[in-house]
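Participant: The primary structure of each chain is shown beneath.
Number of protein chains: 2
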Amino acid sequence: VRHKILELLREKKPSYISGEEMAAFLAVSRTSVWKSIQALQSDGYVIEGSPRLGYRLLIIPDHLYPAEITGNLHTKRIAVNREMIHHYHQVESTNTTLKNLADKDAPEGTIVVAEEQIGGRGRQGRFWLSPPEKGIWLSLLLRPPLPPQDTPVFTLLAAAAVAKSLKIILPELAVGIKWPNDLLINRRKVCGILTELKAEAEFLHYLVIGIGINVNFREKDFTPELRKIATSLYLENGRKNVSRQRLTSVLLNELDKSYTELLSDGPRSIIGQWKKDNITLGKRVVVKNVREAFEGKAVDLNEDGSLIVEGKNGIRKHFHAGEVTLVPMNGG
Amino acid sequence: VRHKILELLREKKPSYISGEEMAAFLAVSRTSVWKSIQALQSDGYVIEGSPRLGYRLLIIPDHLYPAEITGNLHTKRIAVNREMIHHYHQVESTNTTLKNLADKDAPEGTIVVAEEQIGGRGRQGRFWLSPPEKGIWLSLLLRPPLPPQDTPVFTLLAAAAVAKSLKIILPELAVGIKWPNDLLINRRKVCGILTELKAEAEFLHYLVIGIGINVNFREKDFTPELRKIATSLYLENGRKNVSRQRLTSVLLNELDKSYTELLSDGPRSIIGQWKKDNITLGKRVVVKNVREAFEGKAVDLNEDGSLIVEGKNGIRKHFHAGEVTLVPMNGG
Numbered sequence: 001v002r003h004k005i006l007e008l009l010r011e012k013k014p015s016y017i018s019g020e021e022m023a024a025f026l027a028v029s030r031t032s033v034w035k036s037i038q039a040l041q042s043d044g045y046v047i048e049g050s051p052r053l054g055y056r057l058l059i060i061p062d063h064l065y066p067a068e069i070t071g072n073l074h075t076k077r078i079a080v081n082r083e084m085i086h087h088y089h090q091v092e093s094t095n096t097t098l099k100n101l102a103d104k105d106a107p108e109g110t111i112v113v114a115e116e117q118i119g120g121r122g123r124q125g126r127f128w129l130s131p132p133e134k135g136i137w138l139s140l141l142l143r144p145p146l147p148p149q150d151t152p153v154f155t156l157l158a159a160a161a162v163a164k165s166l167k168i169i170l171p172e173l174a175v176g177i178k179w180p181n182d183l184l185i186n187r188r189k190v191c192g193i194l195t196e197l198k199a200e201a202e203f204l205h206y207l208v209i210g211i212g213i214n215v216n217f218r219e220k221d222f223t224p225e226l227r228k229i230a231t232s233l234y235l236e237n238g239r240k241n242v243s244r245q246r247l248t249s250v251l252l253n254e255l256d257k258s259y260t261e262l263l264s265d266g267p268r269s270i271i272g273q274w275k276k277d278n279i280t281l282g283k284r285v286v287v288k289n290v291r292e293a294f295e296g297k298a299v300d301l302n303e304d305g306s307l308i309v310e311g312k313n314g315i316r317k318h319f320h321a322g323e324v325t326l327v328p329m330n331g332g
Numbered sequence: 001v002r003h004k005i006l007e008l009l010r011e012k013k014p015s016y017i018s019g020e021e022m023a024a025f026l027a028v029s030r031t032s033v034w035k036s037i038q039a040l041q042s043d044g045y046v047i048e049g050s051p052r053l054g055y056r057l058l059i060i061p062d063h064l065y066p067a068e069i070t071g072n073l074h075t076k077r078i079a080v081n082r083e084m085i086h087h088y089h090q091v092e093s094t095n096t097t098l099k100n101l102a103d104k105d106a107p108e109g110t111i112v113v114a115e116e117q118i119g120g121r122g123r124q125g126r127f128w129l130s131p132p133e134k135g136i137w138l139s140l141l142l143r144p145p146l147p148p149q150d151t152p153v154f155t156l157l158a159a160a161a162v163a164k165s166l167k168i169i170l171p172e173l174a175v176g177i178k179w180p181n182d183l184l185i186n187r188r189k190v191c192g193i194l195t196e197l198k199a200e201a202e203f204l205h206y207l208v209i210g211i212g213i214n215v216n217f218r219e220k221d222f223t224p225e226l227r228k229i230a231t232s233l234y235l236e237n238g239r240k241n242v243s244r245q246r247l248t249s250v251l252l253n254e255l256d257k258s259y260t261e262l263l264s265d266g267p268r269s270i271i272g273q274w275k276k277d278n279i280t281l282g283k284r285v286v287v288k289n290v291r292e293a294f295e296g297k298a299v300d301l302n303e304d305g306s307l308i309v310e311g312k313n314g315i316r317k318h319f320h321a322g323e324v325t326l327v328p329m330n331g332g
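Protein chains in written order, with my numbering: chain A, 1 to 332; chain B, 1 to 332.
Hints were generated in silico from the structure; no laboratory data involved. Treat the hints with caution; some may be incorrect.
Note that the list lumps identical chains together, so a pair holds whenever it fits in one copy or between two copies.
In silico EDC-like cross-links for lysine to aspartate or glutamate, where the CA-CA straight-line distance does not exceed 16 angstroms [unchecked claim]:
{"hint": "1", "residue 1": "K12", "residue 2": "D105"}
{"hint": "2", "residue 1": "K12", "residue 2": "E310"}
{"hint": "3", "residue 1": "K228", "residue 2": "E116"}
{"hint": "4", "residue 1": "K317", "residue 2": "D304"}
{"hint": "5", "residue 1": "K228", "residue 2": "E7"}
{"hint": "6", "residue 1": "K12", "residue 2": "E92"}
{"hint": "7", "residue 1": "K198", "residue 2": "D62"}
{"hint": "8", "residue 1": "K76", "residue 2": "E48"}
{"hint": "9", "residue 1": "K198", "residue 2": "E11"}
{"hint": "10", "residue 1": "K104", "residue 2": "E292"}
{"hint": "11", "residue 1": "K189", "residue 2": "E323"}
{"hint": "12", "residue 1": "K12", "residue 2": "E48"}
{"hint": "13", "residue 1": "K4", "residue 2": "E20"}
{"hint": "14", "residue 1": "K4", "residue 2": "E21"}
{"hint": "15", "residue 1": "K317", "residue 2": "D300"}
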C-alpha cells in the first residue's frame with residue numbers, strides 16, 4: 001500500500017489528493033492510507049496534510065530508497081525489480097550484508113545500499129569512512145559463468161562505470177582512474193572499489209563489488225589526515241550538493257550496460273573504456289606488493305587486467321595486484 | 001589424560017602396564033585412568049585388561065585420529081600440533097567444515113579429516129562418494145600472501161603432492177595427473193581435488209584445498225556407473241588394504257614441503273613436479289568450458305597453471321578452467 005500511496009502522491013505532485021480518493025482507488029481503508037502516510041513521513045518524505053484538500057508531497061528525501069531509484073533504471077540484469085534492491089539506514093558494511101544474502105542464494109543483480117556504514121572497509125581490511133547520507137555505499141552481486149582469474153576485469157569495469165557516470169552527471173570534473181580502481185579528482189580519492197569473491201579454483205560462485213563514492217562530504221566530514229588524500233563531489237563541484245539518487249540510477253545503468261557487453265563481447269570494450277579514463281598509463285609509478293616495490297613506467301594494461309610496468313633496464317613486469325604510487329616526473 | 005594414557009600404552013606395546021602405574025605416573029586417579037581406557041576402547045582401540053597384569057594395547061584402529069597422524073609428521077606449517085587437526089567421524093563435507101573454521105580465524109595449516117562425508121562435493125557441486133573408512137577425506141587451510149590469480153598453482157601443488165605420496169607408499173602403481181588435478185590409475189580416477197577460496201580481487205583471504213582419495217573401496221562400494229570411471233588403491237594394489245594413517249602422514253609431509261618451497265622459490269618446482277607426473281601434455285585433448293569445446297594437442301603448462309592447447313590451425317589457446325577429455329590417438 002505504502003508504495004502505491006507514494007506513487008499516487010508523486011503523480012499528483014505538487015497538487016493535493018484526498019485520503020478518501022486514495023482509499024477508494026486502492027480499495028483499502030482510510031486507516032490504512034493514514035498509516036502509510038505516517039510511515040512515509042517517518043522515512044523522510046515531507047507530506048502536507050490539509051483537512052479540506054487532502055495530502056500533497058512536498059519534499060522527496062535524498063535517501064537511496066528502492067522507490068526513488070527504480071523509476072530511472074533501464075537495466076537488464078542489475079536491480080531489475082524493487083525486491084533486488086536492499087536498502088538499509090545503517091549496516092556494518094554493504095559488502096558483508098550482500099555476501100550473507102549471496103550465501104543464501106540471492107540472485108545475480110541484487111544490490112545493497114545503505115545510508116551509513118559503521119564498519120565500511122576498503123582493500124585489505126582498511127577502514128572506509130562512510131557517514132550517513134554523505135556518500136553512495138553500494139554493493140552489487142554478480143554471478144558470471146567464469147573462472148576467478150577473470151575477476152580483475154570486473155574491478156576495472158566498475159571503475160570505468162563510475163568514471164562514466166560522474167562524467168554524465170558532472171561533465172566539468174576531471175575524473176581519472178588510478179590502477180586498478182581508485183577514482184581521483186585533482187589527485188585526491190573520491191571513490192574506492194572493493195571486489196570480493198567466493199569461488200572454486202576454476203569457477204566463480206559469486207562476486208560482490210562494493211563501491212564507495214564520497215558525494216556530499218564537507219571538509220569537516222573528513223579527518224584531517226584523510227582530507228589530504230581524499231575529496232568529495234560536493235567539494236570539487238563548487239560546493240554544490242549532488243543528488244545521490246540520480247548518481248545511483250545512472251551508475252546502475254552504466255554497470256548494467258558494461259556487464260552485458262562484457263558477457264557478450266569479452267573484455268575488450270571494458271579495457272578500452274578503462275584506458276580512456278585512466279591516469280596511470282604513461283606515468284612513472286612505484287608498484288608495491290608483498291614481494292617487492294618496483295619502479296618504472298606504466299606502459300600498458302593487459303587484457304587480463306594486469307598492469308605492465310617497464311623498469312629501468314627495459315624489463316617488463318606484469319602486476320596482478322599491488323598498490324600504485326604515481327611518481328611526479330619533473331621535466332618529463 | 002586420554003592422549004597420555006594412549007602414549008603410555010603405545011610405548012609399552014605389546015607388554016602390559018598397570019593402571020596403578022599409569023595413575024601414579026600421570027598423577028591422576030585410578031578412576032580417571034579407567035575412564036580414559038573406556039573412551040579409547042569406544043574409539044576403536046583394542047585394549048586388553050587383566051586384573052593382575054594391567055592393560056595392553058593390541059590393535060590401533062585405522063581411523064584418522066590426530067594422535068595416529070602427528071607422530072609421523074615433520075611439518076613446518078601444516079598440522080604442526082594436534083589442535084590443528086580436526087577429526088570427525090561424519091561430516092557433510094570437510095571443505096564446508098573447514099570454511100566455517102576459516103571464517104572464525106582458524107590458523108593456516110589447520111586440517112579437517114573425516115571418516116565419512118555424507119555430502120561430499122567435487123568440482124562444480126558434483127557429488128563425491130565418501131563412505132566411512134574407505135577413503136581419505138581431508139581439507140587443508142592455507143593463507144598465502146598472494147592474489148587469487150595464483151590459486152591454480154595450489155591445485156597443481158596438491159595434485160603433485162598426492163602423486164608423490166602414492167609413489168612413496170605404492171611405488172609399483174602408475175599414477176598420472178590429468179589437468180588440472182585429477183589423479184588416474186589405468187585411466188580411472190582415484191583422487192579428486194576441490195580448491196575453494198575467499199578473496200578480495202587482489203588478495204586471498206584463504207584457500208581450502210579438499211582432497212578425496214579412494215583408498216580401500218571394494219567394487220561393491222562404487223555404483224556401477226562410477227566403477228567405469230573410478231577406482232581405488234585397494235583394487236589397483238592387488239586387493240591389499242592400504243593404511244590410511246600412513247598415507248595421510250606422508251601426504252601432509254609432502255604438502256608441507258611443496259608449500260614451503262612455493263613460498264620461498266615461486267611456482268617453478270611445483271610446475272616441474274606436476275609435469276613429471278602428468279598424463280595430459282603431449283596428448284590430444286578436448287577442453288570444454290562455458291564458452292566452447294576446443295580440440296587440439298596439449299602442448300604445455302603455463303607458469304600460472306593454465307593449459308596451452310594447440311588447435312588444428314596452429315593457434316594456441318590458454319585455458320584457465322575447463323574439463324579435459326583425453327582423446328585416443330590411434331596411430332599417433
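Participant: Look at each hint and say if it fits the structure.
Facilitator: Taking the hints in turn, this is what the structure says about them:
no.: 1; hint: K12 to D105; verdict: neither (39 angstroms within a copy, 55 angstroms between copies)
no.: 2; hint: K12 to E310; verdict: neither (62 angstroms within a copy, 66 angstroms between copies)
no.: 3; hint: K228 to E116; verdict: neither (22 angstroms within a copy, 57 angstroms between copies)
no.: 4; hint: K317 to D304; verdict: both (14 angstroms within a copy, 14 angstroms between copies)
no.: 5; hint: K228 to E7; verdict: neither (44 angstroms within a copy, 63 angstroms between copies)
no.: 6; hint: K12 to E92; verdict: neither (38 angstroms within a copy, 57 angstroms between copies)
no.: 7; hint: K198 to D62; verdict: neither (33 angstroms within a copy, 35 angstroms between copies)
no.: 8; hint: K76 to E48; verdict: neither (37 angstroms within a copy, 71 angstroms between copies)
no.: 9; hint: K198 to E11; verdict: neither (43 angstroms within a copy, 46 angstroms between copies)
no.: 10; hint: K104 to E292; verdict: neither (39 angstroms within a copy, 30 angstroms between copies)
no.: 11; hint: K189 to E323; verdict: within (14 angstroms within a copy, 43 angstroms between copies)
no.: 12; hint: K12 to E48; verdict: within (13 angstroms within a copy, 90 angstroms between copies)
no.: 13; hint: K4 to E20; verdict: within (14 angstroms within a copy, 82 angstroms between copies)
no.: 14; hint: K4 to E21; verdict: within (13 angstroms within a copy, 82 angstroms between copies)
no.: 15; hint: K317 to D300; verdict: within (11 angstroms within a copy, 22 angstroms between copies)
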